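Novice: Please arrange chain B on chain A, whose structure you already have, making use of the hints.
The residues making up each chain are set out below.
Protein chains: 2
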Amino acid sequence: MPHYTAPLRDMRFVMHDVLDVMSEYRAMPAHAGLDVETIDAVLEEGARFASQVILPLNVVGDRDGCTLDGDGVVTPPKGFKEAYWQFVEAGWPSLSCATEHGGQGLPVLLNNRVYEMFNAASQAWLMYFGLTHSAYECLLAHGSDEQKKIYLSKLVSGHWSGTMCLTESHCGTDLGLLKTRAEPNSDGSHSLTGTKIFISSGEHDLSENIIHLVLARLPDAPVGSRGISLFIVPKFIPDADGNTGERNAIKAGSIEHKMGIHGNATCVMNLDSARGWLVGEPHKGLAAMFVMMNSARLGVGMQSLGLAEVAYQNARDYARDRLQGRSPRGPQQPDKPADPIVVHPDVRRMLLTCKAYTEGGRALVCFTTLQMDRELSHPDPAVRAQSEALLTFLIPVVKAFITDNAFETNNLALQVFGGHGFITEWGMEQFVRDARINMIYEGTNGIQALDLLGRKVLHDQGAKLRMFGSLVREFVQAQAGKPEMAEFINPLAKLGEDVAKITAEIATKAAVDPDEVGAASVPYLRIIGHLVYAWLWARMARAALDQLHTGDPFYKSKLATARFYYARLLPETAMHLQTIRSGAAALMTIDAEGF
Amino acid sequence: MPHYTAPLRDMRFVMHDVLDVMSEYRAMPAHAGLDVETIDAVLEEGARFASQVILPLNVVGDRDGCTLDGDGVVTPPKGFKEAYWQFVEAGWPSLSCATEHGGQGLPVLLNNRVYEMFNAASQAWLMYFGLTHSAYECLLAHGSDEQKKIYLSKLVSGHWSGTMCLTESHCGTDLGLLKTRAEPNSDGSHSLTGTKIFISSGEHDLSENIIHLVLARLPDAPVGSRGISLFIVPKFIPDADGNTGERNAIKAGSIEHKMGIHGNATCVMNLDSARGWLVGEPHKGLAAMFVMMNSARLGVGMQSLGLAEVAYQNARDYARDRLQGRSPRGPQQPDKPADPIVVHPDVRRMLLTCKAYTEGGRALVCFTTLQMDRELSHPDPAVRAQSEALLTFLIPVVKAFITDNAFETNNLALQVFGGHGFITEWGMEQFVRDARINMIYEGTNGIQALDLLGRKVLHDQGAKLRMFGSLVREFVQAQAGKPEMAEFINPLAKLGEDVAKITAEIATKAAVDPDEVGAASVPYLRIIGHLVYAWLWARMARAALDQLHTGDPFYKSKLATARFYYARLLPETAMHLQTIRSGAAALMTIDAEGF
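Top line first, the protein sequences correspond to chains A and B. Per my numbering, the very first residue in the first sequence carries number 6; after that it's consecutive. Per my numbering, the very first residue in the second sequence carries number 6; after that it's consecutive.
Just so you know, these hints were derived from the structure itself, not from any lab. Wrong hints could be hidden among the right ones.
No copy labels: a pair is met if it fits in one copy or bridges any two.
[Unchecked claim] Calculated cross-link-like contacts (lysine-lysine; reagent style DSS-like; alpha-carbon spacing at most 30 Å):
(1) Lys341 - Lys184
(2) Lys289 - Lys341
(3) Lys86 - Lys154
(4) Lys289 - Lys256
(5) Lys499 - Lys514
(6) Lys561 - Lys514
(7) Lys341 - Lys561
(8) Lys154 - Lys514
(9) Lys289 - Lys153
(10) Lys86 - Lys256
(11) Lys153 - Lys487
(12) Lys487 - Lys561
Model, not experiment: these values are computed from the prediction.
With the rest of the complex left out, here is chain A (with noise of 0.2 Å):
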C-alpha cells in the first residue's frame, strides 16, 4: 500500500522563504495576529490526520466502492463515515470559514495546505465534504439572510455538506441546454423536476444533511444560458432554526461504475417535485454559481496536486530500493547483485519531471491563495483588486495546467515501478485512474484552456496578462546583473516577450477568423503555466541561492531542481509557439465527415 508523508518542509519553503507569508499576513488586519507557531500546529496535525486518518481509507475505497440499494440510500465505504466525524470533530471544515459563522478565520492558503494533504491521502474521501466550502461561499456571497441563518453554520462545521447539481445527461459543458424545471410554491418555495448527472457526494450517510445546488428553470426563463436560476435544494428540509425536517424529493436513482475515484458515490438524481429556494436573482443563476466554480476550480488542481505528491513519493522510494541493472558509469553499489534504479539517468528523468511538476505546483496553488487572502481581507482597495485580477487570470491554469501534469506525474510514477506499477496491489494505477476524472469535470481543461485565452486574456485587451507580466518584469530586473541567476532570468525574460508577441499574433488572427482562438487555446494555456512555472522556478531558485550557505541538503536539491525545470521542461513552449502559429487552417480544413 503507498505511504504518504506530508511535505510540510516544503511547504514551509514556499510559505516563508518564497513568499514570505508573514509579512503578507501582518499586513491584513483579520491574520495581524497570526503567528507561526499557529500555522505550524495546523500543518502538523494536518499531516497527521492526512496520514494516519484518510489514508488508510483509500485502498478500501477503491476496492470496495459505494452500493446502491433499492430506496435510494447509499453506502459508501468501510471506514469512510467515522473519519468524516472525526475530521468535523477535529475542526477541519471550518479552519478557513468566517468566524461570525463559526469559522476559525485562518487564512486560505493555509486551508488549502491542508487540503491538499487530505487530497494526497484520498481524493474519494475528501470528496464527500470536497463542494460543500463552495457551497458555504456561494451562500456567503448570494444568499439571504435567513438562508445565511439556516445553513451557513451548518456548513461550516460539516455536519452538513453541499453539492453542486449542474450536469443533466444532455448537457454538460452547455448548460444553456438544460431542462429542469422549477415551478413557483403559493409558500415562496419552489418545486423542481428533473434528472442531475455526475453528482459528486450527491447521496450518502457521512453528513446529517446534504444541500444541493441545483440549477434549473424558471417558467418564464428566456432560453439558454441566460434563463438559468440557482436553488437550494436540501435532502431534509430545515426549519428555521436548522432543525433537519421531513426527506425531501431529491433521491439517488444510480450511482456511476466508473474509472477512478470509486469510494465517491457518483450519483444520478432525480427530482421528483422537490422543494427548493432561489439563491440570489431569478435567472442569474450561472452567474452566482460562479463564485462556486472559482473555488471548485482552485479544489480541482488542489486533488491532483496532492495525487501528484503522493504518487512521486512513493515511486521516488521505489525507485532508491529496487535492484536493477548497473549505472552506465560502473557498479555503484557493487557489494550488491544490482544497483538501485535511482542511478539511471532515465529513471531521474522521469522522478525529477515528478518533482518539478509537482513543486512548481504547490508554489503556483500557495500563490493562488494568497492571492485570495488578499482579496478577502487586505485593507488597501487596489491591493484587493490586484490579487482579483491575477486569481481570475490564474483560475484556470491551477485547474487545467495542474491536472495535466498530475496526470504525466502519476503515469511516470506508475512507470517507475515498471509492471509492478500496473498491479492494483502497489496501489500507483489508482492514482492514475483518480487523477483522470481532475481534467475534465468542473469544466474540461480544454474549456479552462477557451476560458483563458477567451476571456481572460483576450476580452480585456490583455490587462490582466499584462499585470502578471508586469510581476514577472520586477523580478527579472531585480535580478538582472546577478550572474547565479542569469540561467534563470534570461529564458524567463524571453518567454516573456514570446508570450507578448504570441498574443498580439493570436488576437491579430482571431480578429478576422474567430476559429483562431480555439485553435490556440489549450497550447496557450500550456505556455502561460510555463510562464508562470519559470517565474515561480526563478524565485525558488533565488530562494535556494540564498540559503545555499546554510549547507542543508534541502536548497542544493531545490536548486537542482530548478535548472532540471528550466533544461528539461521550459523547452515544451517551443513545440508550442509553433504549433500556434501554424494557425487554424490545419484543424478546420477537413470536414465531419472527413474524419
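Specialist: What follows is chain B alone, placed relative to chain A:
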C-alpha cells in the same frame, strides 16, 4: 458499448497506394501467386470476425475478469473459450505460418492487419493466443527437429498456445538476476524450480495445452545474463507423437488484480520440479528468446494500434452526434438546440491527433511487416539483409512510439466524451486502462529508447540510421522541385539533417560521459519516431495528391491529415532537440537522497 468497423479502406490505401505491396510480393517466390482478391477476402472476413465475434467479449471480459480456484484452475470470462475455438476452426492462427508446418504461408503484413483488427476488438481476449506465434517462431529458429515435430503444428493450428516466462518478482528488466533453476534429469529433460510472475495467459482452459517458454539457470551457469538457458515447459507433457499426457508441475499460484486487460489471466506461475526441455544451446537462452522478443514487441505495438483505432472511431462519432455549444463562427445547425461538438477547433485538434497518430502507426507497421516479408522471402540476399537491418532499427520505434502515441490517443478520445468518458458504461476508460500496459511489458518504453539509441544507432556507428536516412533522402530527392510537395519535403529534409546532427552530438558527448546516452534516449526515440512518421506522412500525402483528381473524399481527408501532422505534431521535435542538448548534468547532479 463501443463499436468498431475495421479500417479496411485505410489498410488498402497503405498497402496498395503507398507501399505497392503487390509488386513487392511478385518479387518473392513464396508470395508471387498472391492476388488482391485473396488479400481482400482475408481482410473482410477478419473484419467480420473482429466486430461480430470478438468485440462483444471485450466489455464482459473487463467487467468479470478471471477467477482462480484452489486447485490452480483459472476460468477466463464467459464466451472467451467459445470464441477461441471459432478462431482456431476458422484457421486464423496459421495464416502466416510456414506451409510445411501446417500454415497458410500468407504474408506477415496481412497477418498483422488481422491482428490489428482483433486487438481493436479485444486485446485481453487476443492475448490468450498472443505469444503463440512468437513461441512458434522461437522453436522454428532454435528448436531441435524432435521439438519441431512435437510442437510446431499444434502451435500453428492454435490447438496449443504459448507463453513467455521471464520475469521474477525481483527482476524484470534485468533478467541476469533471475533465480529459477533447472537441474538435469537422466532422461535428457530438466527439472525446473522457481516462481515466475506477470505471465500473461499463464493458465486457462482455452487451448488444449499451454507451451511455456521458460528462462532458467543450469547448475553450472555463469552469473548474470550469460548464464540463462531457455526451456520448453508444457502444461501437459506430450509424447513423441504430440499426444498430451500427464499434468506438469507448473501451476498458477495466483492471478494479479490490475489496472486493465482484466479479461486476461496474468499469473504467478510456480514451477515445482516441473519437467522442461532445453531449447538451443545451454546459457544461450536470452539470444534464443530474442527472436521471440522482436515479434512480441511488434505485437505490442499492434495491440496499441488496435486500441487507438477503436477509441478514435468512437470519439469521432460521438463528436459528430453530441450537441453542445455553438461554433465560434456562429450556428452551423441553427435548427438544432446546439451544434455538434465537432465544430469546435479544440475538439478537432484532439480528433486529428488521434487520426494522424493512428494512421501514421498503421503505415509504420505495414512498412515494418513488409520488411519482415522481404527478410523471410526475398530471393536477393542484399534485400534480405537491408530489410533485416531496417527491422532491427524500427522495432523499438514500433513498440515505444506507437504505444506512447496510442496512450495519448486513448486519453484524448476519452476527453472528447467529457464526463461520459470517465464512466465505465461508455467503454472509453477501458481503452485507456488496457493501453497503459503496452508502455510497460515486453521491455518498458524507456528500455526501448535505450535499445534504439545505444544498441541500434550508436553501437554500429549509425549504419542502420543512415540506411533509413537514405530512404528519406531518396524520397526527398524524388519529390524536390514539385511545388505541391514542398510543405512536406522541406521540413522532412530539415528534420533529417537535425537527426544526423543531434546523433553526432550525442555520440561525442557519450564518449566522455556514458550517462549521456540514457539522458538522451527517450527524447531521441521521440525524434526518430517523428522522422519515420514524417517520411510516411509525406509518402501518404504524395499518394493522396496523385488520386485527388478522382474526387474521392478519402484522399482529401488523407491530405488534410498529413498537413495536420506536419503543422501540429511534428513540432514536438523542437522541444526534444532542446532537451537533449541540455545534457546529462541536469539529471545527474542531484544525489539519490536529494529527490
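Novice: Would you mind marking each hint as holding or not holding in the structure?
Specialist: Taking the hints in turn, this is what the structure says about them:
1. Lys341 - Lys184: between (66 Å within a copy, 15 Å between copies)
2. Lys289 - Lys341: For Lys289 and Lys341, the Cα distance is within 30 Å only across copies (25 Å; inside one copy 68 Å).
3. Lys86 - Lys154: Intra 26 Å, inter 64 Å, cutoff 30 Å: intra-copy only.
4. Lys289 - Lys256: Cα proximity of Lys289 and Lys256: one copy only (25 Å, versus 66 Å across).
5. Lys499 - Lys514: Cα proximity of Lys499 and Lys514: in one copy and across copies (23 Å, 28 Å).
6. Lys561 - Lys514: between (45 Å within a copy, 25 Å between copies)
7. Lys341 - Lys561: Within one copy only: 28 Å inside a chain, 60 Å across chains, cut-off 30 Å.
8. Lys154 - Lys514: Result: close neither inside a copy nor across copies, 51 Å intra and 70 Å inter.
9. Lys289 - Lys153: Classified as within; 19 Å inside a copy, 78 Å across copies.
10. Lys86 - Lys256: within (20 Å within a copy, 42 Å between copies)
11. Lys153 - Lys487: For Lys153 and Lys487, neither the intra-copy (54 Å) nor the inter-copy (73 Å) Cα distance is at most 30 Å.
12. Lys487 - Lys561: This pair counts as within: shortest intra-copy Cα distance 19 Å, inter-copy 56 Å.
Hint compliance for this structure: hints 8 and 11 are not met, and every other hint is.
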